[in-house]
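Peer 1: Using the sequences and the hints given, assemble the complete structure.
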Amino acid sequence: MNKISEELGTAVNVQTMVFGNMGNTSGTGVGFTRNPSTGEKEFYGEFLINAQGEDVVAGIRTPTPIRELDRVMPECYRQRRVKQQ
0 MNKISEELGT
10 AVNVQTMVFG
20 NMGNTSGTGV
30 GFTRNPSTGE
40 KEFYGEFLIN
50 AQGEDVVAGI
60 RTPTPIRELD
70 RVMPECYRQR
80 RVKQQ
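If you use numbering that gives the first Met the number 0, the sequence shown corresponds to residues 0 to 84, in order.
Treat the hints with caution; some may be incorrect.
As the list claims (entries may be wrong) - Each pair of labels, with its calculated beta carbon distance range:
id : residue 1 : residue 2 : range
1  : 6         : 73        : 12 to 22 Å
2  : 1         : 61        : 30 to 40 Å
3  : 59        : 6         : 32 to 42 Å
4  : 35        : 4         : 14 to 24 Å
5  : 6         : 61        : 19 to 29 Å
6  : 15        : 67        : 19 to 29 Å
7  : 61        : 33        : 36 to 46 Å
8  : 71        : 36        : 37 to 47 Å
9  : 17        : 67        : 11 to 21 Å
10 : 38        : 64        : 13 to 23 Å
11 : 49        : 6         : 22 to 32 Å
12 : 33        : 57        : 32 to 42 Å
Worth flagging that the hints you see were computed from the coordinates, not collected in a lab.
Virtual Cβ for every residue (Gly too), placed ideally from N, Cα, C.
Peer 2: Quick look at the structure:
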């Protein structure tokens, strides 16, 4: 993607500015294409419904594992999976 070699180990952040705290149909989260603890290639991360970005990492609320996004917001989960591939 964007002619960045996969062999460099370069981290890339792709973000769209949205409001995650606009009700139960919005949220925030963080996701990785690899498990940061094991290096295993998997969709890994966590999210919060009706929250802002900093809430995930600040410890204000307990985030939900990203695998639960498929149950809570299936279309959002599907879109993330497509972008990962």
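Peer 1: Taking the hints in turn, state whether each one holds.
Peer 2: Evaluated hints:
Between residue 6 and residue 73 the beta carbons are some 34 Å apart, a value that contradicts the proposed interval 12 to 22 Å. At about 35 Å, the CB distance of residue 1 to residue 61 agrees with the hint of 30 to 40 Å. Between residue 59 and residue 6, the C-beta spacing of about 38 Å keeps the proposed range 32 to 42 Å intact. For the hinted restraint 14 to 24 Å between residue 35 and residue 4, the CB-CB distance of approximately 21 Å keeps it satisfied.
In this structure the hint that residue 6 and residue 61 lie 19 to 29 Å apart at CB is violated, the actual value being about 37 Å. With their beta carbons about 21 Å apart, residue 15 and residue 67 fall inside the hinted range of 19 to 29 Å. Restraint check, residue 61 to residue 33: a C-beta distance of roughly 23 Å breaks the suggested window 36 to 46 Å. About 23 Å separates the C-beta atoms of residue 71 and residue 36, a value inconsistent with the hinted range of 37 to 47 Å.
At roughly 20 Å, the beta-carbon separation of residue 17 and residue 67 lies within the given 11 to 21 Å, and the hint holds. Look at residue 38 against residue 64: about 18 Å separates their beta carbons, and that is inside 13 to 23 Å. As the Cβ distance of residue 49 to residue 6 is approximately 40 Å, the hint placing it in 22 to 32 Å is violated. Taking 32 to 42 Å as the suggested C-beta distance range, the pair residue 33 and residue 57 does not conform, at roughly 24 Å.
In summary, the numbered hints that this structure violates are 1, 5, 7, 8, 11, 12.
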